[in-house]
Each structure stands twice: as structure tokens, then as C-alpha cells.
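The chain contents come next:
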Amino acid sequence: GAVVSQHPSRVICKSGTSVKIECRSLDFQATTMFWYRQFPKQSLMLMATSNEGSKATYEQGVEKDKFLINHASLTLSTLTVTSAHPEDSSFYICSAKTSGGRTDTQYFGPGTRLTVL
Amino acid sequence: AQRVTQPEKLLSVFKGAPVELKCNYSYSGSPELFWYVQYSRQRLQLLLRHISRESIKGFTADLNKGETSFHLKKPFAQEEDSAMYYCAINTGGFKTIFGAGTRLFVKA
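So the sequences go chain by chain: S and H.
In case it helps, the working numbering puts the first sequence at residues 1 to 117.
In case it helps, the working numbering puts the second sequence at residues 1 to 108.
Check before you lean on any hint, since a few could be wrong.
Said to hold, decoys possible - Among chain S residues calculated to face chain H with C-beta under 10 Å, some are:
no., residue
1, F28
2, T32
3, S73
4, T75
5, Q106
No lab work stands behind these hints, which were simulated from the structure alone.
Just so you know, even glycine gets a beta-carbon here, dropped at the ideal spot from N, CA and C.
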């Protein structure tokens, strides 16, 4: 099956620094990628949807200047948490679809645990 | 707005007992519905979707448009079924909306 990888799997950074998380589709071309945030024992919260070559669409309440998303190729999307603060500590998960079709399966990455000190 | 409701945060059953994880959605059209599962220390993965009408790992789910429900069922629960289960809906756009999830715990 299709595989989505994320790097790094966990990262610890100091408050005020920026952190970049990569999401790659390893064996398929992902026209659409999603970024989610998951708090402990809670559901996935969709942060943004990105289509290759175009600007990401952010969900209400998600600061686009805080969470920069770049989907430069059909196999790579990056999420940069800028000027990170302790409240940004969370589990970030990306997923990818092969097209915009609603019946297409979403394949999820293993997630990245971000801890901001 | 589309919404997915999973009323139970935690469901605990004994091994061999039937299990039903409830899911209700709000959408007036014809949605595409999914169940995703996340086993301990593993990534989220698709379990089944209603359009396929298939049984995966003994689980089935029937779309009931009248009740706007898509409950996940298994006649005999196994310990390895213990996991977090998410119901999700796609109404034709790019994004899929997830429910809050139900943690299933199957006791020996």
C-alpha cells in the first residue's frame, strides 16, 4: 500500500525558534496533502489542506503565518512552525491523497511529536 | 456544516462479545463515509469505507441514510481489536472530517 513518511519523528526545540516538519509520499504522487494536529486523547484537528503548486487552505482559527505550509512537489509537503511556543507542543500528522476524489483513501504519516521548551 | 459524532469516548467489552461503535453524521446529501483505526503506537489507517461494502477484520458498517448513521460492528470482539477508532465523512470536497474517536478496549 501507499506509504507516507514524516521527518523528524520527534523534535524538541527552544521557545522562539522555528521547526520544519517534512511529509513525503514514498510510492505515489500526492496531489493533496493534509496537516493535522492531535492533542492527547483527542481527535485529529485539520489544520490545512494543500494542493501541489498552490497555496494551502487553512482551517478557521489556524494562523497561516504561524504554520507555514509548502507543497512544492507531488511527493513533498512541509509544515514550518514559526517562533514556536510551548502551547505549540503537540503531535502533528500529515496525510496524502492521490487526487481530489472523495472516494480516494487518505494515507497517514506516523506523526511528529513537537515539544517546545 | 458537516459534522461527525461519536458519542462514546470509551467502549469496553469482553473478548468474544459483540461490539458496536456508534457514528452519526450531519449532511443532507450523499456522503462518503469511512472508519479509520489507530492501533497502539501505529499510524492511523483506513479500516473500511461504505462504498466498498466489505468486511475487514470481521468489521462491517452499514450506511443508514434515514438515521444518518454509520455504526461499526463486529459480532465477536478480539483482544487485538483494541484500538482507537475514528469515523470520518467526505462530502465531495478535498477534506475529510473526523469524529472525536472511540477507544475500544477488549478485555480478556
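Query raised in the report: Is the hint on S:F28 kept, meaning its closest Cβ partner in chain H is under 10 Å away?
Result: Violated, because the Cβ-Cβ distance from S:F28 to chain H comes to roughly 14 Å (cut-off 10 Å).
Requested in this report: Have a go at the S:S73 hint: is there a Cβ in chain H nearer than 10 Å to its own Cβ?
Outcome: Hint violated; S:S73 Cβ to chain H Cβ min 18 Å, cut 10 Å.
Query raised in the report: Does the nearest C-beta of chain H fall within a distance shorter than 10 Å of the C-beta of S:Q106?
Result: 6 Å, holds
Requested in this report: Could you check if S:T32 really has its C-beta closer than 10 Å to a C-beta on chain H?
Outcome: Where the cut-off is 10 Å and the nearest Cβ of chain H is about 5 Å from S:T32, the hint holds.
Query raised in the report: Does the interface hint hold: is S:T75 within less than 10 Å of chain H, judged Cβ to Cβ?
Result: 18 Å, violated
Consistency with the previously given hints fails for numbers 1, 3 and 4, ordered from lowest to highest.
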